[in-house]
Structure formats: structure tokens, C-alpha cells
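Respectively, the protein sequence lines represent chains A and B.
The first sequence: position 153 = 153 (my numbering), numbered continuously.
Count along the second sequence starting at 1, add 1000, and that's the number in my numbering.
There could be a bad hint or two in this list.
Said to hold, decoys possible - Computed, partial: chain B to chain A, Cβ under 10 Å:
| # | residue |
| --- | --- |
| 1 | T1010 |
| 2 | I1021 |
| 3 | M1024 |
| 4 | A1063 |
| 5 | G1065 |
| 6 | L1067 |
| 7 | L1111 |
| 8 | G1134 |
| 9 | L1137 |
| 10 | S1147 |
Claimed, not checked - Ranges of calculated distance between the beta carbons of each label pair, as one might list FRET restraints:
| # | chain 1 | residue 1 | chain 2 | residue 2 | range |
| --- | --- | --- | --- | --- | --- |
| 11 | B | A1167 | A | A92 | 38 to 46 Å |
| 12 | A | L140 | B | L1025 | 22 to 30 Å |
| 13 | B | L1025 | A | Q176 | 22 to 30 Å |
| 14 | A | L76 | B | I1021 | 37 to 45 Å |
| 15 | A | A92 | B | V1018 | 53 to 61 Å |
It should be emphasised that the hints constitute simulated quantities derived from the structure, not laboratory data.
C-beta atoms are modelled at their ideal positions from N, C-alpha and C, and glycine is treated no differently.
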Amino acid sequence: MIQALAFYLFALVVLLSGAMTILSRNPVHSVLWLILAFFNAAGLMVLVGAEFIAMLLVIVYVGAVAVLFLFVVMMLDIDFAELRAGFVRYAALGLLLAVALVAEILIGVGAWSAGGIDLARRAAPTDAGVPNIEAIGQLLYTRYLFIFEGAGLVLLVAMIGAIVLTHRERSGSRYQNIARQNARRPQDATRNVRPEIGQGVQL
Amino acid sequence: MDYASQLAMTLPEVILAVGSIVLMLVAAWGGPASTKAVSWAAVAVLAGALIALVGPATSGGEAFGGLYRADGFAGFAKVLIFIAAAVAIVMAPDFFARTAGDNLRPEYPVLILLSAAGMGMMVSAADLLTLYVGLELQSLSAYVLASFMRQDARSAEAGLKYFVLGALASGILLYGISLVYGFTGSTMFNEIAGAYAATPLTGDAKSYGLLFGLVFVFAGLAFKMSAVPFHMWTPDVYEGAPTPVTAFFASAPKVASVALGVRVAVEAMGPAEGQWRQIVIFAALASILLGAVAAIGQQNIKRLLAYSSINNVGFALIGLAAGTPEGVASVLNYMAIYIAMTLGSFLVVLQMRDHEGQPVETIASLSGLSRTRPGLAAALAIFMFSLAGIPPLFGFYAKFEVFYAAVQAGLFPLAVFGIAFSVIGAYYYLRVIKTMYFDEPVAEFGRGYALEGGLIAVAAVIVSPLGYLAIPLLSGWTLAAARALF
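Could you build the full structure based on these sequences and the hints that come with them?
Here you go:
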């Protein structure tokens, strides 16, 4: 029962927050709605027993990608004074989102400990005794090792490509040379002079 | 099976991957000054990979639980790929040194090596995952190589176009893969073949999922081999990319994607032959026709060769349409001869420079080449006649084999239309020869680079009637390679 409730809750919130992501006028709000959608998708993943994907969603999408989005969005030309002016108005909404997230975490954990949803049929049934992080690890590093290494090479190419296409030597930049700084002695850098009165200083 | 014997089967790719990483480190510390050393070391790595093909890499069977297949078919394709990649590395330094703008950087040979490793994975794929990762490794390197001349707007445009359209094609391919996986329950070629054999593909109870999966997979692969109707990117990318990169695109990845298409068609979707044959026949005839007709109006020699490569893929696909071991052998045979013709043509294009060493690309600038540079004109004439399939040259034998295979498989109309369309294609090849031999000379080209001259001579000898001496060897080898698939 609680699983079904949790499922409908998460599914409903995913759909609503997904819609709000594209409907809200303020891009910062869009990203926040997107984060809510990711969170609820993670809840759905927990319900079907894929806790690893749930964690990935929270850590990678919410933790990294969405925050990156937020940074990019904040680079946009948004009138922050106007945004701050609405702080009190939006505080309630923000608080509501936070409460919803906490409540969902509690419900999700409760539903998970009550047992996952029975899926109709799985193409590749996993051993119930093996947690799916271990199962993925076993596949990734034994059966699919060759492909995994290949994927590593693909990422290497992406890195080389980004550097090849964008990196250029900037001539004329002045870099800090710590060794030279440390090797410089006071007697080379300063000198004591006693200028005659009315003669001025020679530099 | 222990890891040592599995790694022995994948030795060519292991050598390429390790070699490219080591050379990348050398390049990172050596900087642009190390370009020459890295280039030659990369050629040595490719030679090492070629030597590693002797042994378990071509006869070992399956490795990594059926993800990778080390058989004669993959071995033959890899020989062509590695040779073409090495030529693409050798022809680069002189081109970049003479061309204003960007210099050659040591990442160029490294990216070619990584691309070659990806192509090795592609032709040895026995699983859709290996296929996809190999394809992406090859394509991603190719996108970077296409825009290697950063100061040149055309090169940047070529890279961007290739990237966007390539990503679209990868998406189509992945969609097909997911459908095939969903409806067959496996990504392994032999199990997919089992599922295709067990499911009805015609009649009322046919599986639309399997059919759509097949169509999308073939569409994605057709993009990679630039077969019509997925060829639109080819002329722009070939024109914009630096000439050595264009030569690379027209040779090694072409072989890899055609070989991959053959393997998927025969090994994974063999039982659905009646379904994919329609697609292959349409793509073959459309490629031949469009490659011939659209090339007629071209003024740029690189665009002309781009349409020529579309045209040639069409001929190779005729061999695949036959679907027999002889047909597959004729495809391999075609690709082997095509590589020699196309690399030779691009080496000649590299010689087209004005007095300041800047490359010229118009066909008109070839006017009167027979009087200013008779050797070069003769070589290009040999390549053009051969690409057109004029009898005494080796290109004729390649076309003869694919049509013979099609006729033997009972595909008479296909062979008839193919031959008729190839006559249209002959027109524009002959136009190049007419420009060289009968038009008044214009400005003379600057002197070339001795090594490139040597390579042109080698390619010309292979393509010339002397190439017929290699037929017993070539046909025995391609047939043995093709039988590995059946």
C-alpha cells in the first residue's frame, strides 16, 4: 500500500515539477523545479529497487549537473535586485519545496524498507541477495571490462579534443616564477643611497 | 578464459591504445617541437598493430564473453584501416608546413591512433555495445580532426557540421539498438540472429519492433558510411577538412563502417536478409546515381572526390546485397582497391599548390597538367580511369567482382542498373582527365615532397593493370575472410 502511494506521489511530483520547469518564467526557478524533478525520479528508482541509479541521480544530476546549470543560468542577464525584492514572496515557496523534499525522503525510505514494488517481468533478473551496486560493479569490471576501457578512451578523446580545439599559447602573459622570486636576494633588489641635498635621486 | 589470451586477441587495439596514451604524454611534455617524432612513432605503432594481427588477433575467436571477435574478416579490414591511417599521418606534416595558418600539432597523429583503435573495435564487434563504443571512439576523433585547422573557417564549419550530424546519426543508431535489444533481449550478435530467426518478420504477426530496430540500425550505419540518403554531410565535411584529414575520412573510416555494416547484416541480422536487402539495394542504387549525377557540376576537386566516395560506397553495397560469402568477399575486395585509388587521388590533390605553397582545389587549376607535370597527370589519370571502372585498370576488377556476386545471387536488375549508372559516373572522372590533357596549361604547381611522390607511385602501380597479379592472393584472402562470417 505505502509503496503504491509513494509511487503515485513521486510520479505526480515528477510530472508537475517537469511541467513547471518549462513553464516558469524565471530560469533560476526552472532549475530549482528541475532539481525537484530529479529528486522525485530518484525516489522512483528507489522504489523499483535500483538504489544505485537513485544515488547517481542525486549525486550527479542534482549535485553536479543542476548546480552547473544554476551557475550558467546565473550568468544570464537577470535583474538580481528584482529577484531579491521577491525574497519574502518566494520564501514560502522555497520552504514548501524543502518540506516536500524532506517528506518525500521519509516516505521513500519508509516505502523502501517495506519492500520494493513487484515488477511484472525483468529481462535480466538480478540475484536478490546482491545489492545492485555490487551487481553493476561485477558486470562493469568483469563482463564488460573491454567496453568500459573503450568508454574510457572515448572520454580521453573528448578531453584531447577540447584542448586541441580551444587551447592556444598566450604570448606576453606574465607568470609568477616562485623559484626566481625566492632566489632574489635583498642586495640585488635594494640599494642604499644617500642623496646630496638638492641633487635628487637617480633611479 | 584468462585475461592474457583475451588480451592477445585484442592485441592490435591494446597496442594502439597504449601507444596513443604514451605518445600523448610525449606530446604534452614535448610540445609542438615533438610533432615530427610523434608522427613517426605513431606510424611505428600502427606498424606494430599490423604485425600484431599475425596470430590470435585474426584467428582467436571470441574474447571477453562474446563482446569481441578476432576473426579473419576483422583481420582483413584492420590491415586496410591501419595502412590508410599510417598514410594519413605521413601525408600531414608537409601539408601543414606549407599551408598558412595553423601548424601541425602532435595531437594529430595521436587522434588518428585513437580513431584507428576505435575502428579496430568496430570491425571486431560481436556485440552492439562494442559496436557503439568503437563507433563513437572513431567518430569523436574524426570530429576533432575535421576542425583541426582552427584559423580556417571552413575547417571549423566542417567539424561542427560533422559533429552535429554525426551526433544525430548516433542517436538514430542508438534508438535502433535499443529497439533491437528490447525486442530480442540481447545485445550479442549471435543471440540477436537467433531472435530474428525465431520471430516472423512478414505476414500479419510480424514484429514491428524488430523491423523498426533493423531500419534504424541500418540508417545509423548508412550515415557513417555516407550512403544516400544519409550522405548530406559528406561534401561539406570533405571540402572543409584539411586535405590529409579528408584523405583519412575517405579511406579508413569508410572501410571500418562498411565492414561493420557487413558484419551486422550478416552476423546479427542474417535471418532478416529479405528485410535488409531492400534497404541495402535502395542505398546502393541511390548512392551510385546521386554520387554520379551530383558530382557533374562540382568545381572543387575535394567535393568531387566526396561524391566519388558516395558513389563507391554504393558499388560496395551491391556486393553486400548479394548476401553470399562471395558477395562479402567482393565487398572486401572492393574496399581494398578503393583504398588504393582514393588515397592515391588525395595524394595527388596534396600536390596541387601554387607557387607560394598554398593549396589550390579547383578542377580548373589542373588544366594542362600533362604538359607541366606529366608524371602527376598520368598518375591522376590512372586513378580517375580506375575509379570510373575502365577495363585495363584494377578498379574495373573491383566493380566486376561485386556485379558478378550480385548476378550469381540472382539480382540481375540490380547489376544492370548499377552498370548503367556507373557509365554516368564515368563522365565526371573523364572530365578531370580532359582538363589535364586537353586544356591549355595554367600556372604550374610548386614542387612536391619526395615521400608523397613515392606513395603516389606505389598507389598507381597497385591500381594499374599490374595489380591483376595480386588477384590470386587477394581473392583467396577476401574469400577466407568472408567465410569467417558465415
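Results for each hint:
1. T1010: holds, 7 Å
2. I1021: holds, 7 Å
3. M1024: Holds, because the Cβ-Cβ distance from B:M1024 to chain A comes to roughly 7 Å (cut-off 10 Å).
4. A1063: Holds - the Cβ of B:A1063 comes within 10 Å of chain A, reaching about 7 Å at its closest.
5. G1065: holds, 5 Å
6. L1067: holds, 5 Å
7. L1111: holds, 7 Å
8. G1134: holds, 7 Å
9. L1137: holds, 5 Å
10. S1147: Holds, because the Cβ-Cβ distance from B:S1147 to chain A comes to roughly 6 Å (cut-off 10 Å).
11. B:A1167 / A:A92: 38 to 46 Å: holds, 42 Å
12. A:L140 / B:L1025: 22 to 30 Å: holds, 26 Å
13. B:L1025 / A:Q176: 22 to 30 Å: Check passed, 26 Å falls within 22 to 30 Å.
14. A:L76 / B:I1021: 37 to 45 Å: Check passed, 39 Å falls within 37 to 45 Å.
15. A:A92 / B:V1018: 53 to 61 Å: holds, 59 Å
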